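Undergrad: The primary structure of each chain is shown beneath.
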Amino acid sequence: MSGLSVNHLLGIKYLNEADVQLIFETADQFKEVINRPIKKVPSLRDITIANLFFENSTRTKLSFELAEKRLSADVLNFSESQSSVKKGETLIDTVQNILSMKVDMVVMRHPSPGAPIFLSKHIDAAVVNAGDGTHEHPTQALLDCYSIRERLGDVAGKKVVIVGDVLHSRVALSNIFALKLLGAEVKVCGPKTLLPKHIQSLGVGVESNLKQALEWCDVANMLRVQNERMVTSYFPSTREYAMQYGLTMDILNGLSKEIIVMHPGPINRGVEITSEVADSDQAIILNQVENGVAVRMAVMYLLASKINR
Amino acid sequence: MSQKELLSARDLQITIRRLACQLIENHGDFRDTVLIGIQPRGKMLTQRLVHILHNEYNVQHITSGFLDITFYRDDFRRNDKPIEANSTEIDFVVENKKVVFIDDVLYTGRSIRAALTAVQDYGRPSQIELLILIDRRFSRHLPIQPDYCGRQVDAINEEHVVVSWSELHGNDAVLLKNQ
Chain X
22 MSGLSVNHLL
32 GIKYLNEADV
42 QLIFETADQF
52 KEVINRPIKK
62 VPSLRDITIA
72 NLFFENSTRT
82 KLSFELAEKR
92 LSADVLNFSE
102 SQSSVKKGET
112 LIDTVQNILS
122 MKVDMVVMRH
132 PSPGAPIFLS
142 KHIDAAVVNA
152 GDGTHEHPTQ
162 ALLDCYSIRE
172 RLGDVAGKKV
182 VIVGDVLHSR
192 VALSNIFALK
202 LLGAEVKVCG
212 PKTLLPKHIQ
222 SLGVGVESNL
232 KQALEWCDVA
242 NMLRVQNERM
252 VTSYFPSTRE
262 YAMQYGLTMD
272 ILNGLSKEII
282 VMHPGPINRG
292 VEITSEVADS
302 DQAIILNQVE
312 NGVAVRMAVM
322 YLLASKINR
Chain B
13 MSQKELLSAR
23 DLQITIRRLA
33 CQLIENHGDF
43 RDTVLIGIQP
53 RGKMLTQRLV
63 HILHNEYNVQ
73 HITSGFLDIT
83 FYRDDFRRND
93 KPIEANSTEI
103 DFVVENKKVV
113 FIDDVLYTGR
123 SIRAALTAVQ
133 DYGRPSQIEL
143 LILIDRRFSR
153 HLPIQPDYCG
163 RQVDAINEEH
173 VVVSWSELHG
183 NDAVLLKNQ
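Keeping their order, the protein sequence lines are chains X and B. Those letters in the first sequence? Residues 22 to 330, by the working numbering. Those letters in the second sequence? Residues 13 to 191, by the working numbering.
In case anyone wonders, no lab produced these hints; they're calculated from the structure. Computed from a predicted model, the values in this text were never measured in an experiment. In this text, a Cβ means the ideal position worked out from N, Cα and C, and glycines have one as well. Some hints could be false.
Unchecked claim - Covered stretches of chain B, as calculated for chain X (at least 3 residues, CB under 8 Å):
| hint | segment |
| --- | --- |
| 1 | 76-83 |
| 2 | 96-107 |
| 3 | 131-139 |
Stated by the list, open to error - Here are the simulated EDC-like cross-link-like pairs (lysine to aspartate or glutamate), alpha carbons at most 16 Å apart as the crow flies:
| hint | chain 1 | residue 1 | chain 2 | residue 2 |
| --- | --- | --- | --- | --- |
| 4 | X | Lys327 | B | Glu96 |
| 5 | X | Lys52 | B | Glu101 |
| 6 | X | Lys60 | B | Asp133 |
| 7 | X | Lys327 | B | Asp166 |
| 8 | X | Lys201 | X | Glu236 |
| 9 | X | Lys60 | B | Asp87 |
| 10 | X | Lys60 | B | Asp103 |
| 11 | X | Lys60 | X | Asp49 |
| 12 | X | Lys208 | X | Glu236 |
| 13 | X | Lys52 | B | Asp133 |
| 14 | X | Lys180 | X | Glu236 |
| 15 | X | Lys232 | X | Asp271 |
| 16 | X | Lys52 | B | Glu96 |
| 17 | X | Lys61 | B | Asp166 |
| 18 | X | Lys327 | X | Asp67 |
| 19 | B | Lys16 | B | Glu141 |
| 20 | X | Lys60 | X | Glu311 |
| 21 | X | Lys52 | B | Asp103 |
| 22 | X | Lys327 | X | Asp145 |
Put together the whole structure using the sequences plus the hints.
TA: In structure tokens:
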């Protein structure tokens, strides 16, 4: 029996190409399942999954919860704002208490980079990273690559540009790892203040001109400007950012070929991407959301298969 | 490893043709019938049956599909069966239809148990029958028996039945292998 090479999904960094292909092939089958009249399979009926969200989330939390329910798992939801963490409880204590209730898998979002890795070393349950600070967001990268594969047939050999706030983006880092693993060419594009120093060491190109970057690419992944993580001013004004790095219909129509536009959400309409672009046929933003459920089902199904009773 | 031939290419042809004829006896023009091959190994047999029904017995409209049961198995996480799924190709609903499950070998009956659960996701069939090429008698874990059977075989647990198809493996044959 072949399965994943890992017992936790902590980051794309820890996966190999065969793991990603297995996740994609399994997600293909779950995509068929979630388009049936009855969108549910009983695979994880004896598995309990806790969703621990120490940071706000709408899409990812709903997507994970839906994926868990489509697999018939029992689901526990936890969010920091309504919990004892406010009373000073440590991460390990919070999680150990939840695990005492016989939980098999933990899906965690945490503002501190490395929190899921720390957790995986101290608890028995399988850990899925749903975003840790500015580090990784592996399921987002998997669903992005899955969506590219679905639209263009393959990820290998494709040119992908990641535009915008790369500095604060866990989506960008996981995407770079995943795209490189699958054989795509990657460039990042944005104001210098929002590109990490030494990003080239990950094997990606850097381009500061949006039009040139778009002319080069097959896929543009437009990141959200993460104002909530910015402690100083990284660009003069939102308006200036939108003028330099915002994707408009005029820019898209001026390109020599048709490209695909992605966005991990939530969208700041009119900043990194205009409404016309977000709602155009070239945007696959809602396909990404649909694929997110199928990919997360695949990840949890494959991880659950490694849990021994 | 020893092996014994249960059915030759010619035997297999004759047996599949008989099974096709038995289906016609019970299902007539197949208007309310759907044939569902259990993935992965029931797929070839289903395609052969459909081909014979269509070309040799002039049955015009046959609805057929393939059902994958991986996510419905009762041995998930017991590490003895693959977790990799095959594709389900069912683009119709089975509501009020007569369903015929088709698989190559009936052994413990657990796959068919999973298929009975899985098919419910596509509606409520009026009836479900089971067509099997090779029935390994006396090895059932569940009270499941075929309605149409190509050949009954008595085999011990160390033996296993291998069906090879010319389209996939180069020749048609059913072998009993001893590991």
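Undergrad: Are there hints from earlier that the structure breaks, and if so, what are their numbers?
TA: 7, 8, 9, 17, 19
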